[in-house]
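Peer 1: Below are the chains, spelled out letter by letter.
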Amino acid sequence: MPDEKRSKSDRLFRLAMKALPSDFRGDYGNEMHRVFNDQRREASEKEGFAGLMAVWWETLTGLLKTGPREHWEILKQDCAYAARMMRKNLGFTLIAVLTLGLGIGANTAIFSVVNAVLLKPLPYPKGKQLVVVRQAATGQGVADIAFSVPEVNDYRTQNKTLAGLEEYHTMTFTLLGREEPLRVQTGVVSAGFFDLFGVKPILGRSFRPEDDQVGAPAVLLVSYEFWKNSLGGDPQIVGKTFRMNDRVHTVIGVLPPVPQYPNENDVYMPTSACPFRSSESMRDNRDSRMMNVFGRERDGVTSHQVNADLATIAGRLKQDYPKSYPAGDGYSASAFSLQNELTKQARPTLLVLLAAAGFVLLIACANVANLMLARMAQRERELAVRSALGAGQSRLLRQLLTESVIIALLGALLGLLCASGSLELLTGFASRFTPRAREIRIDYIVLLFALAAAMATSVVFGSLSAFFSRETVSSGLKEATGAASSSRGRHRVRSLLIISQVAFSFLLLAGAGLMLRSFVRLTKVSPGFVSQNVLAMDINANFAKYTKPEQYAGLAQRLLESVKTEPGVVSAAISSSFPFDPDSIIFGPQFGTFDIESRPLKDGEVQPITTFRSASPDYFRTLGIPMIKGRTFTNQDSREAPKVAIINQALAKHRWQNEDPIGHRVSVDNGKTWMAIIGVVGDTKEFGLDRPADDELFVALDQFPNVGSLIVRTMSDPMTLARDLRRRIYEVDADTAITNMETIEHARGATLTSPRLTANLMGVFAGLALVMAATGIGGIMALTVSQRMHEIGIRMALGARPSAVLTMVLRQGLVLGLAGIAIGVLATMGLTRLLQTLLFEISPTDPATLVSVTCVLIGAAIVSCVVPAWRAASIDPLVALRFE
Amino acid sequence: MPTNSKDHIFDEHLPLTPALFHVLLALADGEKHGYAILKEVTQRTNGKVKLSAGTLYGIIKRLDESGMISEIAARPEIGMDDERRRYYRLTELGRQVAMAEASRLEEMVEMARAKRLVRKPRLA
Numbered sequence: 002m003p004d005e006k007r008s009k010s011d012r013l014f015r016l017a018m019k020a021l022p023s024d025f026r027g028d029y030g031n032e033m034h035r036v037f038n039d040q041r042r043e044a045s046e047k048e049g050f051a052g053l054m055a056v057w058w059e060t061l062t063g064l065l066k067t068g069p070r071e072h073w074e075i076l077k078q079d080c081a082y083a084a085r086m087m088r089k090n091l092g093f094t095l096i097a098v099l100t101l102g103l104g105i106g107a108n109t110a111i112f113s114v115v116n117a118v119l120l121k122p123l124p125y126p127k128g129k130q131l132v133v134v135r136q137a138a139t140g141q142g143v144a145d146i147a148f149s150v151p152e153v154n155d156y157r158t159q160n161k162t163l164a165g166l167e168e169y170h171t172m173t174f175t176l177l178g179r180e181e182p183l184r185v186q187t188g189v190v191s192a193g194f195f196d197l198f199g200v201k202p203i204l205g206r207s208f209r210p211e212d213d214q215v216g217a218p219a220v221l222l223v224s225y226e227f228w229k230n231s232l233g234g235d236p237q238i239v240g241k242t243f244r245m246n247d248r249v250h251t252v253i254g255v256l257p258p259v260p261q262y263p264n265e266n267d268v269y270m271p272t273s274a275c276p277f278r279s280s281e282s283m284r285d286n287r288d289s290r291m292m293n294v295f296g297r298e299r300d301g302v303t304s305h306q307v308n309a310d311l312a313t314i315a316g317r318l319k320q321d322y323p324k325s326y327p328a329g330d331g332y333s334a335s336a337f338s339l340q341n342e343l344t345k346q347a348r349p350t351l352l353v354l355l356a357a358a359g360f361v362l363l364i365a366c367a368n369v370a371n372l373m374l375a376r377m378a379q380r381e382r383e384l385a386v387r388s389a390l391g392a393g394q395s396r397l398l399r400q401l402l403t404e405s406v407i408i409a410l411l412g413a414l415l416g417l418l419c420a421s422g423s424l425e426l427l428t429g430f431a432s433r434f435t436p437r438a439r440e441i442r443i444d445y446i447v448l449l450f451a452l453a454a455a456m457a458t459s460v461v462f463g464s465l466s467a468f469f470s471r472e473t474v475s476s477g478l479k480e481a482t483g484a485a486s487s488s489r490g491r492h493r494v495r496s497l498l499i500i501s502q503v504a505f506s507f508l509l510l511a512g513a514g515l516m517l518r519s520f521v522r523l524t525k526v527s528p529g530f531v532s533q534n535v536l537a538m539d540i541n542a543n544f545a546k547y548t549k550p551e552q553y554a555g556l557a558q559r560l561l562e563s564v565k566t567e568p569g570v571v572s573a574a575i576s577s578s579f580p581f582d583p584d585s586i587i588f589g590p591q592f593g594t595f596d597i598e599s600r601p602l603k604d605g606e607v608q609p610i611t612t613f614r615s616a617s618p619d620y621f622r623t624l625g626i627p628m629i630k631g632r633t634f635t636n637q638d639s640r641e642a643p644k645v646a647i648i649n650q651a652l653a654k655h656r657w658q659n660e661d662p663i664g665h666r667v668s669v670d671n672g673k674t675w676m677a678i679i680g681v682v683g684d685t686k687e688f689g690l691d692r693p694a695d696d697e698l699f700v701a702l703d704q705f706p707n708v709g710s711l712i713v714r715t716m717s718d719p720m721t722l723a724r725d726l727r728r729r730i731y732e733v734d735a736d737t738a739i740t741n742m743e744t745i746e747h748a749r750g751a752t753l754t755s756p757r758l759t760a761n762l763m764g765v766f767a768g769l770a771l772v773m774a775a776t777g778i779g780g781i782m783a784l785t786v787s788q789r790m791h792e793i794g795i796r797m798a799l800g801a802r803p804s805a806v807l808t809m810v811l812r813q814g815l816v817l818g819l820a821g822i823a824i825g826v827l828a829t830m831g832l833t834r835l836l837q838t839l840l841f842e843i844s845p846t847d848p849a850t851l852v853s854v855t856c857v858l859i860g861a862a863i864v865s866c867v868v869p870a871w872r873a874a875s876i877d878p879l880v881a882l883r884f885e
Numbered sequence: 077m078p079t080n081s082k083d084h085i086f087d088e089h090l091p092l093t094p095a096l097f098h099v100l101l102a103l104a105d106g107e108k109h110g111y112a113i114l115k116e117v118t119q120r121t122n123g124k125v126k127l128s129a130g131t132l133y134g135i136i137k138r139l140d141e142s143g144m145i146s147e148i149a150a151r152p153e154i155g156m157d158d159e160r161r162r163y164y165r166l167t168e169l170g171r172q173v174a175m176a177e178a179s180r181l182e183e184m185v186e187m188a189r190a191k192r193l194v195r196k197p198r199l200a
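In the order they appear, the protein sequences are chains D and W.
Under the numbering used here, the residues of the first sequence are numbered 2 to 885, in order.
Under the numbering used here, the residues of the second sequence are numbered 77 to 200, in order.
It is possible that some hints are incorrect.
[As the list claims (entries may be wrong)] Each computed DSSO-like pair below joins lysine-lysine, with the alpha-carbon atoms no more than 30 Å apart:
hint: 1; chain 1: D; residue 1: LYS565; chain 2: D; residue 2: LYS549
hint: 2; chain 1: D; residue 1: LYS161; chain 2: D; residue 2: LYS127
hint: 3; chain 1: D; residue 1: LYS47; chain 2: D; residue 2: LYS66
hint: 4; chain 1: W; residue 1: LYS126; chain 2: D; residue 2: LYS9
hint: 5; chain 1: D; residue 1: LYS66; chain 2: W; residue 2: LYS137
hint: 6; chain 1: D; residue 1: LYS345; chain 2: D; residue 2: LYS127
hint: 7; chain 1: W; residue 1: LYS115; chain 2: D; residue 2: LYS66
hint: 8; chain 1: D; residue 1: LYS121; chain 2: D; residue 2: LYS201
hint: 9; chain 1: D; residue 1: LYS19; chain 2: W; residue 2: LYS137
hint: 10; chain 1: D; residue 1: LYS47; chain 2: W; residue 2: LYS126
hint: 11; chain 1: W; residue 1: LYS108; chain 2: D; residue 2: LYS47
Calculated directly from the structure, the hints in this document are not laboratory data.
Using the sequences plus the hints, can you model the full thing?
Peer 2: Okay, here's the thing in structure tokens:
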């Protein structure tokens, strides 16, 4: 055929033959081509065009049948051979599988979280259309203001772009009739709430408009978790009744396990059943705001159109109710994608962790590639013999790639086991950031990811080793001089791999170091009070029993009297909430406006805002909050006495600058009541140690009764008093539910859980990276020493001292390490900026961290080189020369 | 079915696929190159079994690897052949396997005949 001019048919036939393995083509290709041409010629002569087409058809279908069969045969042979080789080199196989398993495992684990939290669509039909509607007062610096009932109604009736607009708020009610009063977190929703989300109960029915009418019988939907955990998964639950707020509530259904936003609830009730939401003052007051609002974009409507629509309504409200929306407040309303709202807190942490895990995998790849290259040196003769026996180069490369793929697949299997083992830990971790944590699982997408990671890694390390085996194959049977050049080439690649490993390790260590230092700084932040030996709990009195403020004042007094007599109690206080209260942390500080006497607002000036807290006289003493100026509340600050307030330093500085605030009067009810400021207390960071102290205004509990929390300072471990205190509270009022009972020290630790876990995970990744990089350097130096034994022997025979040889090997290892560190420093400068949002009071290029990481890596390089260097220094020249 | 120990050696190769059997049959009366095998099979079966370049060499490779055929180094009579072509012949194993397959098929036909599923052969 070579003489014949190649026709289109020839080219097409050659192309079709690509379906066959290259070895097969090498063996039979020319012969097949000849037979095909003979057939073609004969068919064309005898049967014309139709005959020719028939030959083409039969040939092509034949090739398509033979190709896969031949590939499969080769794969079976290669796998069997690879399994034999892997058994023979069990040490190598185990280390490679373990290294890749850890790398793929780390990635698969983090990816399973990323997949569930960031990638998967929301588990609601057409979840992308769901939005959270928010009101903001940019002039006040407040981005999220709750809605009042009139506002919900206005937006619901006036908007043209949302297919539904439903309200939500959450409250704590006490469920009675069980052994102990049970506090239930209750979502209060409008009737169409679950229809908006497309959530259908797994038992019973959803809310209907008639359930939400004033005076309708009280009904409840229970969450899946509450049904399972507190109601024992009772299949007959629908129709059962509970007593709540002095009314009988009937369970009408059980919700499926779906993420609940913005917080998890035990039960849901329609707005008509909530004593607060259905009160007249709430229904008619435009300024009584407590609701969140959700909507669904109409089909074909863009978010831009929705926001324009909401802006029009907001503009209209500003015109119609100037008192509720003062000009300087910068009032607006906009819609935010629910998917984004559910995940935005988790996104930066997860992406940083995924990148870190990716680096670990790259380091693992480099390590296995290095191992493969070292092994290639040992397999030179085997490959050369196989080549001499007729195995083509491509056949050998294919064999080597098959081995790589098998190792990577075993690594992926191990990785999947690691990932599924860590699932519970990761779910706990992610639940700190997002309600979607419950969706984390190893599903087919995660399996595909692990498979893809395995394939990608086998391509990375397999092709490197296969590339260098080309030279091995061609040089294996030649003299040592011929092999030397390929060995040099391999050595260069190995050195480059080591340098990149060290560089990536530097990056990971720097990231982990920064997170760790940031975490340590967080733990050292003073909350502004003495958190040791303080027990706190939320007190949820039965709303139905306490309808007047003085009843609450009486309850507070009785509780304090009883608790203070408990042996071991130093002091006790009651307030509307306690610092680091998990419930307050979820929602953040709640701001409200206030007026300062004889300081009228100028045109366009924004009304001042602050957070409020009712506190009993011993509140500051119990928590150890320092009194900076003036006096604290006393029993004389009673309901009848002139109203008083205490402010924190932040508020004092913010509103009075250098002036003394004591004696000034403020009002929180538009001037109806004025409170004189009697004291200034120190700032506290109670909504999280990483945020600055907010402006705070404290009012006397007797004057503004609000029994939300009980705080007790004890002489010894506060938890030892937990049971007795609980008993005393029930003695005062058996209908009181006690929740979130914990030491403030524990509550403070809980706010650090996510930075601690993030720092720990980064630390684990960095540790893996360090070990791999160190073993990489040690491995390559050991190999270099064994390859240069002859040369070192000569040097020593010529008078080189062992110490000089030791230094030489150490120097070589250190040069690799330092090159990697140099690249690592540059990469760190560029990349750790991405960590900025996760760091607390520490620069992403913190010099102390970078210097420490450099020292650690240099130390690791020296340690890993010591053994090979010592081996080189103790070479006996005679033995070394004889060995060669 | 009568068997002896020798049959067991061939049993591992049986049953043959029709295409494999036809290639063995084509080589039963002497060595041939690929195109000749292909033509003979087509002619002998009146075009009912059609091999192509795509399938033939997969079969040749399998028969060669299992030792039923072998490529011949020496060419048939000089001048009678095309020197560039590769010729194959039946090995002793191949012949025995072909015979075993033939008798297997024969037995099957006998069984079918006993059930009157096959017409009696007509006299010439």
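Peer 1: Indicate, hint by hint, whether the structure satisfies it.
Peer 2: Going down the list of hints, with the structure as the test:
| no. | hint | verdict |
| --- | --- | --- |
| 1 | LYS565/D - LYS549/D | holds, 25 Å |
| 2 | LYS161/D - LYS127/D | holds, 19 Å |
| 3 | LYS47/D - LYS66/D | holds, 27 Å |
| 4 | LYS126/W - LYS9/D | holds, 25 Å |
| 5 | LYS66/D - LYS137/W | holds, 14 Å |
| 6 | LYS345/D - LYS127/D | holds, 19 Å |
| 7 | LYS115/W - LYS66/D | holds, 20 Å |
| 8 | LYS121/D - LYS201/D | holds, 20 Å |
| 9 | LYS19/D - LYS137/W | holds, 17 Å |
| 10 | LYS47/D - LYS126/W | holds, 16 Å |
| 11 | LYS108/W - LYS47/D | holds, 23 Å |
Checked against the numbered hints given earlier, the structure satisfies every one of them.
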